[in-house]
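Engineer: Given these sequences and hints, build the entire structure.
In case you want the letters, here they are:
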Amino acid sequence: MAKHDTPLLDELEKGPWPSFVTDMKRQAETHPECWDILGQLELSYKDKITHWKHGGIVGVFGYGGGIVGRYSDVPHRFPGVEHFHTVRIAQPSGLYYSTKNLRGLMDLWDKYGSGMTNMHGSTGDMIFLGTRTENLEPLFWDLTHNLEQDLGGSGSNLRTPSCCLGESRCEWACYDTQDVCHHLTMHYQDEIHRPAFPYKFKFKFSGCPNDCVASIARSDFALIGTWKDDIRINQAAVKEYIAGNYPSNAGAHAGRDWGKFDIKKEVIDLCPTGCMWMEGGELKIDNAECTRCMHCINVMPRALKPGKEKGATICIGAKAPILDGAQFATMVIPFIEVSKENEYENVIDVIEQVWDWWMEVGKNRERVGETMQRIGLPNFLRVMEIEATPQHVREPRSNPYVFWREEEVEGGWERDVVAFRKKHAA
Amino acid sequence: MATIEHNGKSYEVDEDGFLLNGSESWDDNWVSYVKGVEGIGDLTEEHKKVIDALQEYYKKNGIAPMVRILSKTTGFPLKRIYELFPSGPGKGACKMAGLPKPTGCV
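Residue numbers (UniProt numbering), protein chains in the order written: chain A, 1 to 426; chain B, 1 to 106.
Careful, some of the hints might be misleading.
In silico lysine-lysine, DSS-like type, Cα no more than 27 angstroms apart, as pairs [as the list claims (entries may be wrong)]:
1) A:Lys305 - A:Lys340
2) A:Lys363 - B:Lys59
3) B:Lys60 - A:Lys363
4) A:Lys100 - A:Lys25
5) B:Lys49 - A:Lys363
6) A:Lys363 - B:Lys79
Derived Cβ-Cβ restraints for the label pairs, each shown as a range [to be verified]:
7) B:Gly39 - A:His76: 30 to 36 angstroms
8) A:Ser122 - B:Gly75: 37 to 43 angstroms
9) B:Asn7 - A:Asp73: 27 to 33 angstroms
10) A:Pro321 - B:Ile63: 20 to 26 angstroms
I should point out that these hints are in silico values taken from the structure, not numbers from a laboratory.
Given the structure is predicted, the values throughout are model-derived calculations rather than measurements.
Positions of the beta carbon are idealized from the N, C-alpha and C atoms, including for glycine.
Structural biologist: Right, here's the structure in full:
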């Protein structure tokens, strides 16, 4: 496999940001197929169209997903990318690695693949980019036998769950996101590896409403940490912020002069519910009116902390636009205990209630959020055996097309028009 | 596109080994070929039941059935389908039945 001229791609070696072109050229020195990926990419830049064929079904025995097959539509020009399959590798929760583990993985990929990777795919998997069909089983053998790691998910199944780094190094985590993520990943291996759903389904776990793993936008089932009791206030630290001894937002805005910290302007007046005030030099919060948006905590992390009665909110149904429009997840359970002691049994119960229903009524390639839209939130809540509360809506409906169940209406639906005509002549 | 020779017969297939013209060229000889490449042991009545169910559904509806429907019509849980077809209902059973390659975000 020879070098190709890549005048358009060469432009992308200029500038300060790490250049993927430079990296790939370096990789091509030991993996010549990378010249062909550069060559094909250059051709795509020129033609302004992809040069990968449609689809591709490859895999390893026992699993129905985990590997995304890909073939070049110009293999005679770029034989190195004739097959260019992508392998999804299950990542550790929070993406903490040892160099020993990474070296093991890269030795494996050097042996069986192009050596090119994506660290990481949007869903969370470590992604090995580019190998041939005949390498898949040997790669999978070594991955499982030598490194004791597994593939991630693809297809109409539970995709690889991911989480924010949680309690490992964040003082706002309201539950152990990494442990939940790991536990549920292990618990649902069968659902990850063998597609059995109407469509894909994703879990994401965030320790607090800052939602660093974007669960509310990018997972069908989002578990977002929160608390029930009062925000913990350290009044001495509040004074330090006011005095300018502690930088606001932990110095996140230090790159520009925003003037002296003003607690009224930057915290109290920005609180979305207006439930904060200063009284006798002390910061007060009316916690009953607090929606736990995280703003005050984000601004004064050394003075304010989430409460002690921690748990999470469950939001369901986020998805990208296809087919019937983008959706954020809908709040379904305002507060649920998230406890290692019961091995997250109550969270698992909710998940299975969703699955039992969706697997039965979900149409082919219908995300759970679309199924919820189709049957309506009231019906979904009934399926979930959850009582409707004001928290389930942002505002009540404005149209009057209200359905009643027959048993809710006195006399039911069976009416006799003759009886009606006795009182009202036609 | 490629051609596969098996027991003197040839078949037009795509890169993933799916029949290009489906039921037209599908026959028992194709089944015995796929058996060899998809890690399938002895061909049993259960395999045939899955293949028949897939072909019947495809003929009637023009698409492959959802996994759940395949399980319902055959009475085999997904686990059993993987025991019969190690690559699963898509890559294994659909290929053997001569159905088109599954598409979408796989």
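Engineer: For every hint, state whether the structure bears it out.
Structural biologist: Consistency of the hints with the structure:
1. A:Lys305 - A:Lys340: OK: lysine 305 of chain A and lysine 340 of chain A at ~22 angstroms, within 27 angstroms.
2. A:Lys363 - B:Lys59: 20 angstroms, holds
3. B:Lys60 - A:Lys363: Holds: lysine 60 of chain B and lysine 363 of chain A sit about 18 angstroms apart, inside 27 angstroms.
4. A:Lys100 - A:Lys25: 25 angstroms, holds
5. B:Lys49 - A:Lys363: Answer holds: lysine 49 of chain B to lysine 363 of chain A is near 24 angstroms, not above 27 angstroms.
6. A:Lys363 - B:Lys79: Distance ~22 angstroms between lysine 363 of chain A and lysine 79 of chain B Cα, so the pair holds.
7. B:Gly39 - A:His76: 30 to 36 angstroms: 31 angstroms, holds
8. A:Ser122 - B:Gly75: 37 to 43 angstroms: 38 angstroms, holds
9. B:Asn7 - A:Asp73: 27 to 33 angstroms: Since the Cβ atoms of asparagine 7 of chain B and aspartate 73 of chain A sit about 32 angstroms apart, the hinted range of 27 to 33 angstroms holds.
10. A:Pro321 - B:Ile63: 20 to 26 angstroms: At 23 angstroms between Cβs, range holds.
Checked against the numbered hints listed earlier, the structure breaks none of them; every hint is satisfied.
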